[in-house]
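Asker: In case you want the letters, here they are:
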Amino acid sequence: MTEIVKKGFLTIPVSAKRHLLERFGVPCGGPADRILYTLANRLVGNPDDACALEATMVLPEIRFHEDGAIAVAGGLDRLLLRRGSETVAVPVNATVPVRAKDVLLSVPIVRGMRAYLAILGGIRCDALRAKGVSDGQMLLTDGGRPSVLRSANALPIRIPNDEVELRVIAGVQQELFSKEGEAVFYGSAYTYTPDSSRMGIRLSGPAVAYSGGCDGNILSEGMLPGDVQIPPSGQPILMLTDCPATGGYAKIAHVIAADLPLAAQLRPGARIRFRQTDVAWAHVALRRLLLQLDACVTDRT
Amino acid sequence: MSGGMENRPKLLPHGDRAVDIVFENRISPAINRRVIALDAAIRSGAPEGIINCIPAYRTLTVEYDPMRITYGQVCLFLRGIAMTADLPQQGRLLRIPVLYGGAYGPDLETVAAHAGLSVQETIQRHAEPEYHVYMIGFLPGFPYLGGLDPKLACPRKATPRLRVEGGSVGIAGLQTGIYPEASPGGWNLIGRTPIRLFDADTLSLLSAGDRVKFVPIDAETYRAICETGVWNA
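Chains as they are written, first to last, in numbering that gives the first Met the number 0: chain S, 0 to 300; chain R, 0 to 232.
Pulled out of the complex, with its shape left as it was, chain S reads as follows:
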């Protein structure tokens, strides 16, 4: 058992296991940043798709009820662990053995939006419709001894500060936008507004115009994280992992899988530009990112 003492801002148990229920209208869900989530699991020796905690802006305060190990992957400099009457600094992006009664203290995430906390053995959770945890909630965990201690020498993604360029594939409804609308979309920097969530990032900036006769509505069709919809306001919405499984606004572009983790690490106020690439280059970029993820973990002796 692992106890959430304070939930922080928003802490959600997430798993990359797929439910495949999008056909019944269930959002995909799972970690917003799949790379740091996977890293946290690997650092603690879990399977890549084990259930871990996604913390937003700040880590939760957690009390462990059994000996075990954790790893936090994210933009922090160190973690604070209270053991008895002492508080010690322990490393981030590394395996951290913990003892029963240890308390991981809440500290802010200093770079990026989300950090991932994996617990040895994983958390038993129903990932179908994950909800944020609450203060005092007990998580089902097993404890155990880590077979090896690992650390990441560098993060596989460069956590963006306040400006980022995201690569996209031309949208399935690209022809519903005017030439000027397209030029505005690719030529402008858009600001991440506070009215955003794991469903999507609402952007504000120069409005993107449809071509003549189009009002932005389409017959509803499948929607995926990474899709960039343009509602009638002309202000883009970049869909994230909790987006509805279907949508009815025209999509001008799709952020590639390799760049979605960057989008998930941006904070309100960040500026986003979009640059077109093609499917072949997108897959090269994804392979490279996954190789970086493989390469960044080393066993400590």
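It is worth saying that the hints were derived from the structure and are not from the lab.
Since the model is a prediction, treat every value here as computed from it, not as a measurement.
Think of the CB as a built atom: it goes at the ideal place given N, C-alpha and C, for glycine as much as any other residue.
Please note: incorrect hints may appear among the correct ones.
Where chain S lies over chain R, by a calculated footprint (3+ residues, C-beta under 8 Å) [claimed, not checked]:
no. : region
1   : 58-71
2   : 197-203
No more than 20 Å apart at the CA atoms, straight line, and that leaves these computed lysine to aspartate or glutamate pairs for EDC-like [what the hints assert, rightly or not]:
no. : chain 1 : residue 1 : chain 2 : residue 2
3   : S       : K16       : R       : D64
4   : R       : K150      : R       : E108
5   : S       : K16       : S       : E174
6   : S       : K100      : S       : D134
7   : R       : K150      : R       : E129
8   : S       : K130      : R       : E180
9   : S       : K16       : R       : E129
10  : S       : K130      : S       : D241
11  : S       : K100      : S       : E60
12  : R       : K9        : S       : E174
13  : S       : K130      : S       : D48
14  : R       : K9        : S       : D277
15  : S       : K16       : R       : D200
16  : R       : K150      : R       : E47
17  : S       : K130      : R       : D148
18  : S       : K100      : S       : E85
19  : S       : K16       : S       : E65
20  : R       : K212      : R       : E127
21  : S       : K130      : S       : E2
22  : S       : K100      : S       : E65
23  : S       : K130      : R       : D198
Once you have looked at the hints, place chain R on chain S.
Answerer: Frame of chain S; chain R shown alone:
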């Protein structure tokens, strides 16, 4: 039956990990049945790396893992199957009990007045057709139904309700649908069903391609279904 050249679907890359199979841009049960046929064909025998499909009105979004299959292989497979997929058997027919009017259908009289019909005629016309489930989306288990009597078409409410209860049956424009769970909504509510359209155990009652018929019930039957959970759909 395979589609001729003139109505062969298009393939479009939907980002870098899905391909959309796109049919003619209109709402038609015949087109939608081809989507559902392809969905069934892909699910019964897809190469390793094709992960998931999302059927919609006239598109099938096919998700793949680019680290296990290439974009070219996905397109090759989809082009082949799009030529050969058989039209499906007629979908299942499910009967959905509805208590029309009263507190559960506060807009029934508005819809009736808009149509120039009596309340009884309105209920009759809504329960008459066999509706086609085009797709499930918007909320878990929410069916997009086609086949509403055009006479019953009624514009959305100017001010959406902050809370529409789960099970509510509504009309918006030419669409009719059922809210699977409580949510804000602007549809005209004409009744409510006591059966659940979505829960974590049984998942979605309805699937794309199913047929739906509404069965008017009285308050006593509604209560009995709520209490026993028994209804032979």
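Asker: If a hint holds in the structure, say so; if it does not, say that too.
Answerer: Now the hints, each set against the structure:
Residue count for the region 58-71 of chain R with a Cβ under 8 Å from a Cβ of chain S: 8. That meets the three needed, and the coverage hint holds. Evaluation of the coverage hint for the region 197-203 of chain R: fulfilled, as 4 residues show C-beta separations to chain S shorter than 8 Å, against a requirement of three. This hinted pair checks out: K16(S) and D64(R) have alpha carbons roughly 14 Å apart, not beyond 20 Å. Only pairs whose Cα atoms come within 20 Å are accepted, and K150(R) paired with E108(R) is accepted, the gap being roughly 14 Å.
Between K16(S) and E174(S) the CA atoms are separated by roughly 35 Å; this puts the pair beyond 20 Å, and the hint is violated. For the proposed pair K100(S) and D134(S), the alpha carbon gap of about 17 Å is at most 20 Å, so the pair holds. Our distance criterion of 20 Å between C-alpha atoms is met by K150(R) and E129(R), whose separation comes to about 16 Å. A hinted pair counts as satisfied when its Cα atoms are at most 20 Å apart, and K130(S) with E180(R) qualifies at roughly 16 Å.
In summary, the hint linking K16(S) to E129(R) is not supported, as the alpha carbons are separated by about 37 Å, beyond the 20 Å threshold. Distance check on the hinted pair: K130(S) and D241(S) sit about 11 Å apart at the alpha-carbon level, within 20 Å; holds. For the hint linking K100(S) to E60(S), the alpha-carbon distance of about 12 Å falls within 20 Å, and the restraint holds. Distance hint between K9(R) and E174(S) is fulfilled; the C-alpha atoms sit about 14 Å from each other, no more than 20 Å.
For the hint pairing K130(S) with D48(S), the CA-to-CA distance comes to about 18 Å; that is within 20 Å, so the pair holds. In summary, the hint linking K9(R) to D277(S) is supported, as the alpha carbons are separated by about 18 Å, within the 20 Å threshold. Our distance criterion of 20 Å between C-alpha atoms is met by K16(S) and D200(R), whose separation comes to about 18 Å. Between K150(R) and E47(R) the alpha-carbon distance is near 48 Å, which puts this suggested pair outside the 20 Å criterion.
Annotation: proposed proximity of K130(S) to D148(R) is violated, straight-line Cα distance about 40 Å (limit 20 Å). Of the pairs offered as hints, the one joining K100(S) and E85(S) holds, with about 12 Å between alpha carbons and a cut-off of 20 Å not exceeded. Our distance criterion of 20 Å between C-alpha atoms is broken by K16(S) and E65(S), whose separation comes to about 26 Å. Pair hint K212(R) plus E127(R) holds up; C-alpha atoms about 7 Å apart against a cutoff of 20 Å.
For the proposed pair K130(S) and E2(S), the alpha carbon gap of about 16 Å is at most 20 Å, so the pair holds. Taking the CA atoms of K100(S) and E65(S), the gap is near 7 Å; set against the 20 Å cutoff, the hint holds. The suggested pairing of K130(S) with D198(R) holds, with an alpha-carbon distance near 16 Å, which does not exceed 20 Å.
Checked against the numbered hints listed earlier, the structure breaks hints 5, 9, 16, 17, 19; every other hint is satisfied.
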